[in-house]
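Work out the full structure, taking the sequences as your base and the hints as a guide.
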Amino acid sequence: MATVEIRNVRKSYGPVEAIKGIDIAIQDGEFLVLLGPSGCGKSTLLRMVAGLEGITGGEIAIGGRVVNHLDPKDRDIAMVFQNYALYPHMTVFDNMAYGLKIRGIPKAEIRARVDKAANILELGRFLDRRPSQLSGGQRQRVAMGRAIVREPAAFLFDEPLSNLDAKLRTQMRVEIKRLQDRLGITSLYVTHDQVEAMTLADRILVMNHGVAEQIGTPLEVYQRPASLFVAGFIGSPPMNVLDGRIDDRGEAVLLPGGQRLALPQARPTDAGRPVKLGIRPEHMAVAAQDFSGGFSIEVELVEALGADTVVYGRLPDGESLLVRMAGIPTVRERDRLTVAPQDGALHLFDAVTGRRME
Amino acid sequence: MQRRVTFDNRLLPYLLLAPQVAVTLVFFIWPAANAIWQSVHLQDAFGIRSEFVWFENFTNVLGDPNYLDTLKVTVVFSLAVTVLAMGLALLLAVLADSKIKGARAYKTLLIWPYALAPAVAAVLWMFIFNPDIGSFGRALRALGYDWDYRLNGGQALTMVIMAASWKQVSYNFIFFLAGLQAIPRSVMEAASIDGAGPVRRFWTITFPLLSPTTFFLLVVDMVYAFFETFGTIHALTQGGPGKATETLIFRVYQDGVVNNDLGGSSAQSVILMVIVIALTAVQFRFVERKVHYS
Ligand SMILES: Nc1ncnc2c1ncn2[C@@H]1O[C@H](COP(=O)(O)OP(=O)(O)OP(=O)(O)O)[C@@H](O)[C@H]1O
Ligand SMILES: [Mg+2]
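Sequence order for the protein chains is A and B. Residue numbers for the first sequence follow numbering that gives the first Met the number 0, so the first one is 0 and each next one is one higher. Residue numbers for the second sequence follow numbering that gives the first Met the number 0, so the first one is 0 and each next one is one higher.
Warning: the hint list may mix true and false statements.
Said to hold, decoys possible - So the derived label-pair ranges between C-beta atoms look like this:
{"id": "1", "chain 1": "A", "residue 1": "58", "chain 2": "B", "residue 2": "177", "range": "37 to 43 Å"}
{"id": "2", "chain 1": "B", "residue 1": "173", "chain 2": "A", "residue 2": "304", "range": "55 to 61 Å"}
{"id": "3", "chain 1": "B", "residue 1": "82", "chain 2": "A", "residue 2": "15", "range": "44 to 50 Å"}
{"id": "4", "chain 1": "B", "residue 1": "6", "chain 2": "A", "residue 2": "118", "range": "55 to 61 Å"}
{"id": "5", "chain 1": "A", "residue 1": "53", "chain 2": "B", "residue 2": "207", "range": "25 to 31 Å"}
{"id": "6", "chain 1": "A", "residue 1": "68", "chain 2": "B", "residue 2": "107", "range": "32 to 38 Å"}
{"id": "7", "chain 1": "B", "residue 1": "177", "chain 2": "A", "residue 2": "304", "range": "47 to 53 Å"}
{"id": "8", "chain 1": "A", "residue 1": "15", "chain 2": "B", "residue 2": "111", "range": "32 to 38 Å"}
{"id": "9", "chain 1": "B", "residue 1": "8", "chain 2": "A", "residue 2": "300", "range": "27 to 33 Å"}
Stated by the list, open to error - Sample of chain B residues with no beta-carbon within 12 Å of chain A, all distances over it, derived:
{"id": "10", "residue": "34"}
{"id": "11", "residue": "42"}
{"id": "12", "residue": "95"}
{"id": "13", "residue": "187"}
{"id": "14", "residue": "210"}
What the hints contain is simulated information worked out from the structure, not anything from laboratory work. Remember, predicted model here, so these are calculated numbers, not experimental data. In this text, a Cβ means the ideal position worked out from N, Cα and C, and glycines have one as well.
Take a look at the structure:
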């Protein structure tokens, strides 16, 4: 049990800067998810915490102790790898016991701890098998087991579920959440799957090109995305983003197609400023044909998903607009509709920097 | 499921196999059969008449105390060459596998000795260890050490062991390096996170995962030491001084070609063949059980 502090950490590979100064203090027992697209530096950051990658700049502290120059073995962490990285020549039991044996823990206690972990993970029947005799899901559990028997200060996960099929992934996700609640061990979890991030995290660190775009609870990240990047990355289908301009009185956003959307609060200081307007597809509803505060769209495609339906619309100026409606509405392709954003559904972003405008 | 190739022409498969079969027949089965035939015959000095003598050649060979000495030399020589060549190659491969500067050049240099003919390699060693003209040999003498492998049997054996191992190190190195590179990096990382230092990682992870390679090289190196070191010994010491570096294979040549005792030499060949077959069988039976194939 410990806090993990990452202070202005940087990483360069030669001239390439992969991590450009990340700051975060992870609370004791907190579950932090590192979320971002491929190549944004998630694994690099995690591996620096593990000690598998050198730290170019800044400091990492685990449990209040700066670990920059400690070997992985001295950091008291456990890690679950994407490819599980089990020891192929050892049985499941030995895989889990390896770290305990090295630490000189008495045989009886090793037995007890491994049995306990095997029970939790339902691996009891497989203790004498080799990893090659297990299914992907079972190997994944062994990797988890190897981490939990150690009772480390922190867990590190690098996309542990990405090699599993969809159903197993959901199941393991729930299991990881349950385990972490029960064990209360500080965890860093790398993924590019937003559903995993939203469901597992106490807080999410959204990364892009080696910087932290936003750090917040899953709801904060969803409801108040700090940048266009976060807005586009979280939510499915992604948020609609339209070019616009704040009118001369600072009371509404004007869109190129001539629509005028009233702002919840007047922003006189921003009058005339170009902005990006974000509206989530699920935060729009069909309005009366002649409603002035909405968008008139022509329906191009209807995707019925069962619980809800995604409507792909086209605005008069050719921009596309997605609307997600509950249930199975009676919308057809080539229909003309008026849709209006719900209260509080508008997100404004700076047209140049892409940062959220409060 | 296995894929089976079928041929329309029933003769074609035999035709395709024929060259391989022919090579095996001409260069292995025929001489081996010949050796077996000769090992139970006694020929006159001109090779005109021969007489069937049952196992007389064998009893003569095995009853000769000199032969047992040769056997002892062979065992020491083969074990030393195998252990030295494998140990050194493994050490070098581990170094080459870790991130060191100039790893590429280093790997290329290590592979070169394999491309040298045994006689050329032996001449090289002579230039180093010859007490009169060899650089190292002269240095040893200058330091007051009485180095002369032409007179001292122990020194001669040490030298041929070194020369023979040196040639085989390259071959072993390539296989060990490939084996090491096949071990997933994340497995080693997992072990270091689990608390294992470099030495423990080597003995508990690397070495067991390399065991198929090690086993294969063990068989190859034993066969090498028994048979293929003839050229090295011939060029360096001719089995001398005395019989200090005379191995079984060298003696086969000595008795058969130099001393013209074809029957005795053939009997020795047959014994040698049996020894190597037995060794290989034992290795497969007992060592392979401990080998982990992934
Ligand atoms: N050893 C290395 N040498 C040079 N560049 C590297 C090295 N390792 C990673 N990088 C670069 O650093 C950046 C971050 O890589 P990283 O592996 O952390 O990405 P990631 O966010 O984990 O992506 P993914 O989701 O695909 O695993 C990438 O642009 C990558 O090309
Ligand atoms: Mg990664």
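Hint by hint, here is what the structure shows:
1. At about 40 Å, the beta-carbon gap between residue 58 of chain A and residue 177 of chain B stays in the expected band of 37 to 43 Å.
2. Under the hint 55 to 61 Å, the C-beta atoms of residue 173 of chain B and residue 304 of chain A, about 56 Å apart, fit the expected range.
3. At about 46 Å, the CB distance of residue 82 of chain B to residue 15 of chain A agrees with the hint of 44 to 50 Å.
4. In this structure the supplied range 55 to 61 Å holds for residue 6 of chain B paired with residue 118 of chain A, their Cβ-Cβ distance being about 57 Å.
5. Between residue 53 of chain A and residue 207 of chain B the C-beta distance comes to about 29 Å, which sits within the given range of 25 to 31 Å.
6. Taking 32 to 38 Å as the suggested C-beta distance range, the pair residue 68 of chain A and residue 107 of chain B conforms, at roughly 35 Å.
7. Hint check: residue 177 of chain B to residue 304 of chain A, Cβ distance near 50 Å, so the stated range 47 to 53 Å holds.
8. Separated by about 36 Å at the C-beta atoms, residue 15 of chain A and residue 111 of chain B satisfy the suggested range of 32 to 38 Å.
9. Separation of residue 8 of chain B from residue 300 of chain A is about 58 Å and departs from the stated range, judged on CB atoms against 27 to 33 Å.
10. No Cβ of chain A approaches the Cβ of residue 34 of chain B within 12 Å, the least distance being about 42 Å, so the stated non-interface status holds.
11. Residue placement check: residue 42 of chain B keeps its beta carbon more than 12 Å from all beta carbons of chain A (closest about 55 Å).
12. With a least CB separation of 21 Å from chain A, residue 95 of chain B remains clear of the 12 Å interface cut-off, as annotated.
13. Listed as a non-interface residue, residue 187 of chain B fails to keep its Cβ farther than 12 Å from every Cβ of chain A; the least gap is roughly 9 Å.
14. A beta-carbon of chain A comes within 12 Å of the beta-carbon of residue 210 of chain B; the shortest separation is about 8 Å.
Of the numbered hints listed earlier, those contradicted by the structure are 9, 13, 14.
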